[in-house]
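As given, the protein sequences belong to chains L and R, one line each in that order. Heads up: the first sequence at position 113 corresponds to 113 in my numbering, and the numbers run straight through without jumps. Take any residue in the second sequence, count from 1 to its spot, add 354: that is its number in my numbering.
The set of hints was computed from the structure by calculation and includes no laboratory data. Beta carbons are placed, not taken as given, at the ideal position from N, Cα and C, and that holds for glycine. Check each hint, because a few of them may be wrong.
[Said to hold, decoys possible] Listed next, with one range per pair, are the computed distances between beta-carbon atoms:
#	chain 1	residue 1	chain 2	residue 2	range
1	L	Asp34	R	Lys566	27 to 33 Å
2	L	Leu353	R	Lys667	30 to 36 Å
3	L	Asp34	R	Thr430	25 to 31 Å
[Stated by the list, open to error] Straight-line Cα separation of at most 16 Å, EDC-like style, residue types lysine to aspartate or glutamate; simulated pairs:
#	chain 1	residue 1	chain 2	residue 2
4	R	Lys535	L	Glu192
5	R	Lys669	R	Asp635
6	R	Lys509	L	Asp55
[Unchecked claim] Interface residues of chain L toward chain R, partial, derived using beta-carbon atoms under 8 Å:
#	residue
7	Glu3
8	Leu4
9	Phe22
10	Pro56
11	Val140
12	Pro150
13	His152
14	Ser161
15	Ile335
16	Lys337
17	Thr346
18	Phe347
Protein chains: 2
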Amino acid sequence: MQELKIIKSTTLKDKPEQVGDFGTIFTDHMFVLDYEEGKGWHNPVIEPYQPMLVDPASAILHYGQGIFEGMKAYKTNDGLVQLFRPRDNFLRLNRSAERLCIPQIDVDFVLECLNKLIELESEWIPTKEGTSLYIRPYIVATESFLGVRPSHKYKLFIILSPVGAYYPEGLKPVKILVEDKFVRAVAGGLGEAKTMANYAASLLAAQEAKSKGFSQVLWLDGVNLKYVEEVGTMNIFFKINGEIITPALNGSILPGITRDSVIKVLKSWGLTVNERKISIDEVVEAFDNELLEEAFGTGTAAVISPVGILQYKDKKMELKDFESDSIAHKLYDFITKLQYGKENDTFDWIKSLS
Amino acid sequence: MQELKIIKSTTLKDKPEQVGDFGTIFTDHMFVLDYEEGKGWHNPVIEPYQPMLVDPASAILHYGQGIFEGMKAYKTNDGLVQLFRPRDNFLRLNRSAERLCIPQIDVDFVLECLNKLIELESEWIPTKEGTSLYIRPYIVATESFLGVRPSHKYKLFIILSPVGAYYPEGLKPVKILVEDKFVRAVAGGLGEAKTMANYAASLLAAQEAKSKGFSQVLWLDGVNLKYVEEVGTMNIFFKINGEIITPALNGSILPGITRDSVIKVLKSWGLTVNERKISIDEVVEAFDNELLEEAFGTGTAAVISPVGILQYKDKKMELKDFESDSIAHKLYDFITKLQYGKENDTFDWIKSLS
Ligand SMILES: Cc1ncc(COP(=O)(O)O)c(C=O)c1O
Ligand SMILES: Cc1ncc(COP(=O)(O)O)c(C=O)c1O
Chain L
1 MQELKIIKST TLKDKPEQVG DFGTIFTDHM FVLDYEEGKG WHNPVIEPYQ
51 PMLVDPASAI LHYGQGIFEG MKAYKTNDGL VQLFRPRDNF LRLNRSAERL
101 CIPQIDVDFV LECLNKLIEL ESEWIPTKEG TSLYIRPYIV ATESFLGVRP
151 SHKYKLFIIL SPVGAYYPEG LKPVKILVED KFVRAVAGGL GEAKTMANYA
201 ASLLAAQEAK SKGFSQVLWL DGVNLKYVEE VGTMNIFFKI NGEIITPALN
251 GSILPGITRD SVIKVLKSWG LTVNERKISI DEVVEAFDNE LLEEAFGTGT
301 AAVISPVGIL QYKDKKMELK DFESDSIAHK LYDFITKLQY GKENDTFDWI
351 KSLS
Chain R
355 MQELKIIKST TLKDKPEQVG DFGTIFTDHM FVLDYEEGKG WHNPVIEPYQ
405 PMLVDPASAI LHYGQGIFEG MKAYKTNDGL VQLFRPRDNF LRLNRSAERL
455 CIPQIDVDFV LECLNKLIEL ESEWIPTKEG TSLYIRPYIV ATESFLGVRP
505 SHKYKLFIIL SPVGAYYPEG LKPVKILVED KFVRAVAGGL GEAKTMANYA
555 ASLLAAQEAK SKGFSQVLWL DGVNLKYVEE VGTMNIFFKI NGEIITPALN
605 GSILPGITRD SVIKVLKSWG LTVNERKISI DEVVEAFDNE LLEEAFGTGT
655 AAVISPVGIL QYKDKKMELK DFESDSIAHK LYDFITKLQY GKENDTFDWI
705 KSLS
């Protein structure tokens with residue numbers, strides 16, 4: 001690989017006083033890497049954040065051959081910059097790449113470039129409680145060609161966006177609608193890849209759920225519309241009569257990094273977590289028998305989202321008021337403390353910037 | 355709607371002597387229409403074909419909220435320009451839009467603009483037997499925003515590409531592999547929309563099939579991997595013991611315009627076509643009993659593609675050598691004659707440019 005080139009922006013943007021809506025403000029620079037068949041990945045560069053020229057016949061405007069990741073950089077009270085399991089995000093990017101016929105990247109090299117980019121932009125990382133710098137690596141097909149086959153050209157980008165606290169006033173339970181008509185993904189499809197298609201497939205269901213006052217949908221499996229899969233942008237956990245359960249990774253669920261962290265943390269606390277099939281009927285039955293003790297989502301954006309209301313068809317399940325000795329609350333505290341350097345990292349998940 | 359603005363290119367490209375690979379050469383101009391929430395569709399313009407500026411956070415690079423169409427303009431021996439059922443393509447675009455939470459377009463207006471664009475580019479329509487001008491209308495989400503929700507901004511494009519004859523030496527049977535592992539779409543998903551996700555989902559299966567010497571895959575349903583759905587970019591028909599069968603539109607199959615035309619032509623010939631569920635086992639059994647008389651794909655690109663070899667797992671089904679009195683051949687002749695103005699259009703499918 002060539003050496004990373006750094007082209008600094010001659011004018012810097014004003015950093016916002018307060019971080020506003022998620023994903024609308026971007027930092028001064030971005031990382032770009034090109035791929036061309038025969039040449040491989042080449043031309044790594046950190047350059048000013050700017051629009052790019054895209055041909056109207058570019059593959060990415062037609063056939064959805066694109067994948068992405070989402071992760072965060074956190075600033076500790078001592079001003080140290082920390083990433084949470086960044087390598088796992090790039091390993092997942094490579095797994096998504098395989099499914100989408102996109103060439104593999106050199107994870108170590110791209111991680112190095114990410115570190116340099118964040119170093120350069122470290123003043124963009126907000127410092128208020130719960131804020132962070134959202135990191136969006138993505139790869140898109142860029143060949144100008146209208147046929148349906150893998151592109152011969154790609155671009156990898158990493159862009160950065162300062163984001164506010166998800167729960168500025170402490171954990172707030174969310175309202176979730178169990179989706180019983182639309183399907184996000186099915187075994188043999190793209191569900192376990194972090195690729196555009198899955199999000200496109202989610203738009204209409206999410207829109208209908210929002211219009212009914214829910215914040216996200218809970219997807220059921222595409223074959224039977226029976227087994228629980230995951231929430232819009234989170235994996236899901238239940239605590240039923242003492243048993244902690246999350247749907248097993250079955251090919252149509254995104255293997256969340258927060259999901260994996262939660263499982264490992266719970267195990268380190270001596271609790272068992274069962275990764276298994278769980279039907280929505282089992283959840284309803286548990287609720288009816290007053291055995292549904294908790295439900296919560298896990299994901300990079302909110303870390304942990306306790307479920308306050310879960311609605312399945314006409315059945316509205318209100319979960320007990322969120323209490324601070326719940327598992328959801330304990331997990332949230334523990335993982336966010338790790339991320340902000342307030343908890344000793346025995347898992348080797350934190351990568352501090354040198 | 356504002357009036358269509360036409361900005362002519364000051365330099366025109368050389369038109370190719372011979373049309374080469376599909377989808378690589380584009381004409382001098384394109385049609386562009388903008389959408390913004392609150393403003394609706396606006397700013398219709400025919401302008402020079404050129405790259406556009408895309409922000410790295412543009413929705414289309416992340417969440418796959420994009421749809422498209424594919425159709426053709428044909429030149430008759432008298433130099434007349436003809437479109438085949440263009441309104442149906444834009445009606446389908448609107449149905450795809452609905453599924454993808456994209457605002458509806460005014461079909462009549464866009465058809466008018468398309469006519470003007472093709473008029474301007476009519477010299478680009480190749481005249482050799484079987485050649486045509488491929489028309490690619492598409493809509494992409496263009497808001498710069500990283501959240502998962504429908505974009506507030508869109509662009510509609512129509513670009514044009516001269517294409518060669520699909521079968522320069524007459525109909526050639528294709529080799530198709532029945533896909534028994536990967537799934538393209540499932541009921542409740544995006545299968546019946548012409549949207550990026552479905553093509554992204556097809557890449558790996560198609561690549562594996564190509565490496566084994568097949569030209570496309572035949573998809574089975576996502577629930578049971580049992581019922582026949584469609585081919586990569588074609589719908590599928592079988593003739594079994596005299597019965598003509600095509601899978602019924604079930605929500606996960608693209609409602610092909612060629613499929614619809616074939617059904618109507620066959621009916622006009624006094625033949626019955628059954629749109630019904632058909633399992634791959636039924637096809638194999640018919641083959642074993644020497645009752646599988648024909649199989650062919652239907653789609654805009656090739657019109658009709660007779661299947662020469664259909665392979666399901668270890669079962670290689672070789673279909674009888676293509677004969678000119680087959681239904682596939684008759685349909686191909688009839689529909690291409692309509693398209694090139696050599697057959698009287700009793701269906702009202704042909705729209706000649708004024
Ligand atoms: C569909 C989906 N499931 C689950 C997750 C949670 O994954 P992670 O914990 O890696 O953020 C996300 C968000 O990234 C997602 O988009
Ligand atoms: C998935 C798929 N099925 C079927 C078809 C055939 O549709 P049509 O006859 O409208 O070209 C196409 C091509 O457009 C397609 O992409």
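Each hint, compared with the structure:
1. Against the hinted window of 27 to 33 Å, the Cβ-Cβ separation of aspartate 34 of chain L and lysine 566 of chain R comes to about 31 Å, which satisfies the hint.
2. Between leucine 353 of chain L and lysine 667 of chain R the beta carbons are some 52 Å apart, a value that contradicts the proposed interval 30 to 36 Å.
3. In this structure the hint that aspartate 34 of chain L and threonine 430 of chain R lie 25 to 31 Å apart at CB is violated, the actual value being about 45 Å.
4. Taking the CA atoms of lysine 535 of chain R and glutamate 192 of chain L, the gap is about 15 Å. The hint holds against a cut of 16 Å.
5. Straight-line distance between C-alpha atoms of lysine 669 of chain R and aspartate 635 of chain R comes to about 11 Å, which keeps the hinted pair within the 16 Å bound.
6. For the hint pairing lysine 509 of chain R with aspartate 55 of chain L, the CA-to-CA distance comes to about 14 Å; that is within 16 Å, so the pair holds.
7. Interface hint status for glutamate 3 of chain L: violated, as the beta-carbon distance to the closest one in chain R is roughly 23 Å, over 8 Å.
8. Interface restraint check: leucine 4 of chain L against chain R, minimum CB-CB distance 18 Å, threshold 8 Å, status violated.
9. A least Cβ separation of about 6 Å between phenylalanine 22 of chain L and chain R falls short of the 8 Å threshold, and the interface hint therefore holds.
10. Checking proline 56 of chain L against chain R: minimum C-beta separation of about 5 Å stays under 8 Å; hint holds.
11. This hint holds: valine 140 of chain L has a C-beta 5 Å from the nearest C-beta of chain R, less than the 8 Å allowed.
12. Checking proline 150 of chain L against chain R: minimum C-beta separation of about 6 Å stays under 8 Å; hint holds.
13. The interface hint given for histidine 152 of chain L is violated, since its Cβ lies 12 Å from the closest Cβ of chain R, which is over the 8 Å cut-off.
14. Evaluation of the serine 161 of chain L hint against chain R yields a held restraint, the C-beta minimum of about 6 Å falling below 8 Å.
15. Violation of the interface hint for isoleucine 335 of chain L is found here, the shortest Cβ-Cβ separation to chain R being roughly 22 Å, above the 8 Å cut-off.
16. Look at lysine 337 of chain L: its Cβ only gets to about 26 Å from chain R, farther than 8 Å, so that hint breaks.
17. Nearest Cβ of chain R to the Cβ of threonine 346 of chain L: about 32 Å, over the 8 Å cut. The hint is violated.
18. A least Cβ separation of about 28 Å between phenylalanine 347 of chain L and chain R goes past the 8 Å threshold, and the interface hint is therefore violated.
Figure legend: structure checked against the earlier numbered hints; hints not met, in rising order: 2, 3, 7, 8, 13, 15, 16, 17, 18.
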